[in-house]
Amino acid sequence: MSRTFSFGALARRPEAGAALGLFAVLIFFAIFGGVTFLKPSGMASWLNVAANLGVIAIPLGLLMIAGELDISVGAMVPFGAMTVSVISGHYGLPIWMGIAAALSFGVIVGLVNGFLVIRTAVPSLIVTLGTLFAVQGVVLGLTVLITKSTSVALKTEGVAKVMFGDFVLGGQMQVMVLWWLGLTALYVFFVHLSPFGNWVFAMGGDKVSARNAGIPTERLTMVLFVLSSTSAAFVGMCQAILYNSAQVAGGQSFIFNAIISVVVGGVLLTGGFGSVIGIFFGTITFAIVTQGIYYTDFDRNWSSLIIGVLLLGAVLMNNTFRKMALSYAPKKGGK
Amino acid sequence: MAAPILALRGVNKSFGPIDVLHDITLEVRAGEVLCLLGDNGAGKSTLIKIMSGVHQPSSGTIEMDGTSVSLPTPRAASEKGIATVHQFGGTFPLMSIGRSFFVGVEPTRGFGPFKVYDRNRANDIAVKAVRDFGITRIDDGDRLVGGLSGGERQSLAIARAVHFGARVLILDEPTAALGVKQATHVLRIVNEAKRRGLAVIFITHQVMHAMAVGDHFAVLIRGAVAADFHKGEKTREEITDLMAGGASMASLEAEIESYMNSHGGHPPPPAQ
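First to last, the protein sequences are chains A and B.
Under full-length UniProt numbering, the residue at position 99 of the first sequence is numbered 99, and the numbers go up by one with no gaps.
Under full-length UniProt numbering, the residue at position 205 of the second sequence is numbered 205, and the numbers go up by one with no gaps.
Just so you know, these hints were derived from the structure itself, not from any lab.
Be aware that a few hints might be false.
What the hints assert, rightly or not - Simulated pairs of lysine-lysine, DSS-like, Cα-Cα distance not exceeding 25 Å:
hint, chain 1, residue 1, chain 2, residue 2
1, B, Lys49, A, Lys207
2, B, Lys80, A, Lys207
3, B, Lys115, B, Lys128
As the list claims (entries may be wrong) - Sample of chain B residues with no beta-carbon within 10 Å of chain A, all distances over it, derived:
hint, residue
4, Met64
5, Thr84
6, Met260
Ideal Cβ positions, reconstructed from N, Cα and C, are used throughout, including at glycine.
Bound conformation, chain A alone (with noise of 0.2 Å):
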């Protein structure tokens, strides 16, 4: 049995789509947008706005290889943000306090959402388009009950400051980007590589025959709604940290990016297929396109466009890859 390298293979696995896609787009703003694109200065714009999105859209991406879906994350952005900001921006707590009760909360969503999707058995969509909007509602009416604020100020120093919120080489560069490269090592180390990711595979393409096969298919979902959520909570700790205040909206615009991102990079909508490489590249790829615009000459205003256009055919050019690999087969006699 040959594993030597080939075009063909490479062409099969599921970030093929997203990588020649974000090659296009690198090549397209690097004509019309000229190499401060490609400066230190100019990647930092879109790598934050990658970074940001891509600890994200990356365990939401899991949710939709293992069939599901989780919207709530526009809520959890804002919900960790303000948690960090009443706990140590308010009440005057030390930030660690702030920092582990944002995520508690984001764990304790990722349960509420995970345990009404098992029992409940309704469509993880309508699930967490419910806790979407009651956690929007529990963040708006806390906040202005405790605070009488919609926007609540946080002072942070010390090594909170320096590990969640600040700025890395140069001062342009926001310290989520290392974060956001460090917890990708990890997840492709625990989707690809361990045996884990295979039941994540397993359950989106067959629920009942995953569980057959002895995976423990609720814990499993239970897991990752857990990881999605808190990873959205901690974004927005980390976005309250930054800029030292949070407000209760925003937060929404994650939703649909994140999507966008994953589905760009070759995820399944219906499950069972992605990669989190492809995920990585489909984050870049729609960061690219957001803040690219800036420095070329259009209009920015048909940014929202380009990202149309780029989704569909992100999506058409992943299905062609997909067939590809479905319908290869070696040749007769080796290669």
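Use these hints to put chain B onto chain A, whose structure you have.
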């Protein structure tokens, strides 16, 4: 004679007020193929679910090797060596052959928290297991399951069950969705499983397929065993008639024949 690997003794099943199975007694021995025949709605699926641990019998007992057992979950049934393969193979279309073969029991290399999925070993074992069943077209464990033909998928699922120590193989209509050539593949694999000493329960409503591999036949009608006989005791027409619930098939054939005689050899026009 050794005790049968799996036996049902007087099994009844009702869902609320509806009785689905009446007093089913069946047994299957090592190296024997039991064909379970019956029309749609005869209770075949319920019977499979009882044998694979999905449903519990309302009364009656299940015995394995002569001792009474309970099968509270599908997992318990598969731990006792009862494997069920469904019509579409129960495999994952977008996973590679190696990965889907080892779902839930992935081989790893490395140690501690750095255990990684051993793709080469999984692929080699999976491909060898399928090839041992005579499916020589499969030689790359990285191919996606969805790219295989229906017969190859069935073969993969059966090879998987055998690899993981199944003693009783329940095949739920494995040939129903297949073409003639693919069905032949699957029947050959059923014979191979039988040769290896497995007990096979083959559910079908295609009498030809049943007669090709079966040693022992049971016909289910409205939840009861209407006939239980061995190879060579009944003809194909007799079995078909039994499944259709009496003489209706024979009378339909006679009707068509008389129409053709009176219309110069033309069959009747299809019903509108």
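Structure-inconsistent hints, enumerated in ascending order = 5
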